[in-house]
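Starting from the structure of chain A, add chain Y where the hints point.
Protein chains: 2
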Amino acid sequence: PPGRKVLIVYAHQEPKSLNGSLKKVAVEELSKQGCIVTVSDLYAMQFEPRATRNDIVGCLHNSEEFNYGMETWEAYKRGGLSDDLIAEQKKVQEADLLVFQFPLYWFSMPAIMKGWMDRVLVQGFAHEFPNCYDSGLLKNKLALFSFTTGASKEMYAKGSISGDIRYLLWPMQHGIMHFCGVKVLAPHICFAPEYVSEEKRKEMLNAWAQRLKSLWKEEPINCSPEWYFK
Amino acid sequence: PPGRKVLIVYAHQEPKSLNGSLKKVAVEELSKQGCIVTVSDLYAMQFEPRATRNDIVGCLHNSEEFNYGMETWEAYKRGGLSDDLIAEQKKVQEADLLVFQFPLYWFSMPAIMKGWMDRVLVQGFAHEFPNCYDSGLLKNKLALFSFTTGASKEMYAKGSISGDIRYLLWPMQHGIMHFCGVKVLAPHICFAPEYVSEEKRKEMLNAWAQRLKSLWKEEPINCSPEWYFK
Numbered sequence: 001p002p003g004r005k006v007l008i009v010y011a012h013q014e015p016k017s018l019n020g021s022l023k024k025v026a027v028e029e030l031s032k033q034g035c036i037v038t039v040s041d042l043y044a045m046q047f048e049p050r051a052t053r054n055d056i057v058g059c060l061h062n063s064e065e066f067n068y069g070m071e072t073w074e075a076y077k078r079g080g081l082s083d084d085l086i087a088e089q090k091k092v093q094e095a096d097l098l099v100f101q102f103p104l105y106w107f108s109m110p111a112i113m114k115g116w117m118d119r120v121l122v123q124g125f126a127h128e129f130p131n132c133y134d135s136g137l138l139k140n141k142l143a144l145f146s147f148t149t150g151a152s153k154e155m156y157a158k159g160s161i162s163g164d165i166r167y168l169l170w171p172m173q174h175g176i177m178h179f180c181g182v183k184v185l186a187p188h189i190c191f192a193p194e195y196v197s198e199e200k201r202k203e204m205l206n207a208w209a210q211r212l213k214s215l216w217k218e219e220p221i222n223c224s225p226e227w228y229f230k
Numbered sequence: 001p002p003g004r005k006v007l008i009v010y011a012h013q014e015p016k017s018l019n020g021s022l023k024k025v026a027v028e029e030l031s032k033q034g035c036i037v038t039v040s041d042l043y044a045m046q047f048e049p050r051a052t053r054n055d056i057v058g059c060l061h062n063s064e065e066f067n068y069g070m071e072t073w074e075a076y077k078r079g080g081l082s083d084d085l086i087a088e089q090k091k092v093q094e095a096d097l098l099v100f101q102f103p104l105y106w107f108s109m110p111a112i113m114k115g116w117m118d119r120v121l122v123q124g125f126a127h128e129f130p131n132c133y134d135s136g137l138l139k140n141k142l143a144l145f146s147f148t149t150g151a152s153k154e155m156y157a158k159g160s161i162s163g164d165i166r167y168l169l170w171p172m173q174h175g176i177m178h179f180c181g182v183k184v185l186a187p188h189i190c191f192a193p194e195y196v197s198e199e200k201r202k203e204m205l206n207a208w209a210q211r212l213k214s215l216w217k218e219e220p221i222n223c224s225p226e227w228y229f230k
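Chains A and Y, in that order, are what the protein sequence lines are.
Here the first sequence is numbered in my numbering, starting from 1 and rising by one per residue.
Here the second sequence is numbered in my numbering, starting from 1 and rising by one per residue.
One or more hints might be untrue.
You can't tell identical chains apart in this list, so a pair holds if it fits in one copy or across any two.
Unchecked claim - When the alpha-carbon atoms are kept at most 20 Å apart in a straight line, the in silico SDA-like pairs for lysine to any residue are as follows: (1) 158 x 226; (2) 153 x 96; (3) 202 x 25; (4) 230 x 166; (5) 158 x 227; (6) 230 x 160; (7) 16 x 59; (8) 24 x 211; (9) 16 x 64; (10) 91 x 4; (11) 230 x 54; (12) 139 x 161.
Hints in this document: simulated from the structure, not taken from any laboratory.
Please read all numbers here as calculations on a predicted model, not as lab measurements.
Bound-form chain A, shown alone:
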């Protein structure tokens, strides 16, 4: 709906890839709806994935023994995080919906996107005990994981060698997003696009565009062990 703000965090090296096309479709469809869409194109930004002392501007709280979680928490409170983190946090703060678009790497997101999670979702900003899970500091936001796989849908079925695809969503959807209070929409998964026809890939893009048309009417999943492990 007009005015809703969407942040797409996108991790693919190649604009011509299916991930690139899925991102483009989302920008177009959501813009057409009147949403304000921002994209963090992580590879193009050469986003830094490593959690280091460079993320803190100025003096450390404890320079004797570096503790990343503690230092970024303290830095957040005094406005002393590095500029790239402040910029990403501002995008997150303003967004109603976070879309993560990526190719599945090793049952998870690519390291560059994991680094975005590690560095941006700082304590004090995204959570602050006991404000986690349903009372996480990013509550009232939605998240959606949209990704492509190498393996087929059959290989990610319950009972097959790679297990139910939901098993691998637990750390990302529950461990990260739910922990921060974000409600999770059903994932959008394009299975094995490298092994299907050009026609089938076009259908995948159309299906994504179609889903986006009614996205704002969707109910979040019940993000609890039952959803993942039955």
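Relative to the frame of chain A, chain Y by itself:
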């Protein structure tokens, strides 16, 4: 036992941290046993976590549309991967045991270590369909995930909000190591070291040293959905 080779892939910024001490204990104990121990200290190496075109030396197989998995596979076959990847692959190839030592970040490993997985375990080197899972190319090796958590053991119990800790081990142990044919030893977990006494932390270091004494007699876990999800 004398001559066994161990690679410790270590991801902590601070040598004085518990992770730093756990790494040190492992180097000392395993060396005492006569093992040949190598450490990849990822932050000290400023290890690159991003999967990019820079990982391929020379021309691309398909310069029209960059496909990281395809390009690194082709580059591996012609000896055209970047030097840092070749160096890590050599360490993996020689190792009988891989130990991953890290603080849990967001139900997973820190991005710098995920980048090591994404970039080092290239198709052709670590797996090559249908050589995956039990016939993965790194079979006859062992892996052990040794990590610290922020939350307590109680918070990672079945039925509690963060779920059984085994749930989050699935992508790392099964999705990565088992996929490459590596057999997985039981994880070694130090819960919430930041919230316990100095004495308790010393006990944690002793327990790790003790476990390492009989490590080579351990049987790998049965790395299947049952182990993780009961």
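Verification of the supplied hints:
Within a single copy, residue 158 and residue 226 get their C-alpha atoms as close as 14 Å, and across copies as close as 12 Å, so both meet the 20 Å cut-off. For the homomeric pair residue 153 and residue 96, neither the shortest alpha-carbon distance inside one copy (30 Å) nor that between copies (34 Å) is at most 20 Å. Taking CA atoms no more than 20 Å apart as the test, residue 202 paired with residue 25 passes inside one copy only; the shortest distance there is 11 Å, against 54 Å between copies. For a Cα distance limit of 20 Å, the shortest separation of residue 230 from residue 166 qualifies both inside one copy, at 10 Å, and across copies, at 15 Å.
When the C-alpha separation of residue 158 and residue 227 is checked against a cutoff of 20 Å, the pair qualifies both within a copy, at 13 Å, and between copies, at 15 Å. In this assembly of identical chains, the alpha carbons of residue 230 and residue 160 lie at most 20 Å apart whether taken from the same copy (16 Å) or from different copies (16 Å). For a Cα distance limit of 20 Å, the shortest separation of residue 16 from residue 59 across copies, 19 Å, qualifies, whereas the shortest one inside one copy, 43 Å, does not. Taking the shortest Cα distances, residue 24 and residue 211 sit within 20 Å of each other inside one copy (14 Å), while across copies they are farther apart (52 Å).
Taking the closest pair of Cα atoms, residue 16 and residue 64 come within 20 Å of each other only across two copies (9 Å); inside a single copy the shortest separation is 47 Å, beyond that limit. Taking the shortest Cα distances, residue 91 and residue 4 sit within 20 Å of each other inside one copy (13 Å), while across copies they are farther apart (50 Å). With identical chains, the CA atoms of residue 230 and residue 54 are never at most 20 Å apart, being 42 Å at best within one copy and 42 Å at best between copies. In this assembly of identical chains, residue 139 and residue 161 lie within 20 Å of each other by CA distance solely across copies; the values are 17 Å between and 36 Å within a copy.
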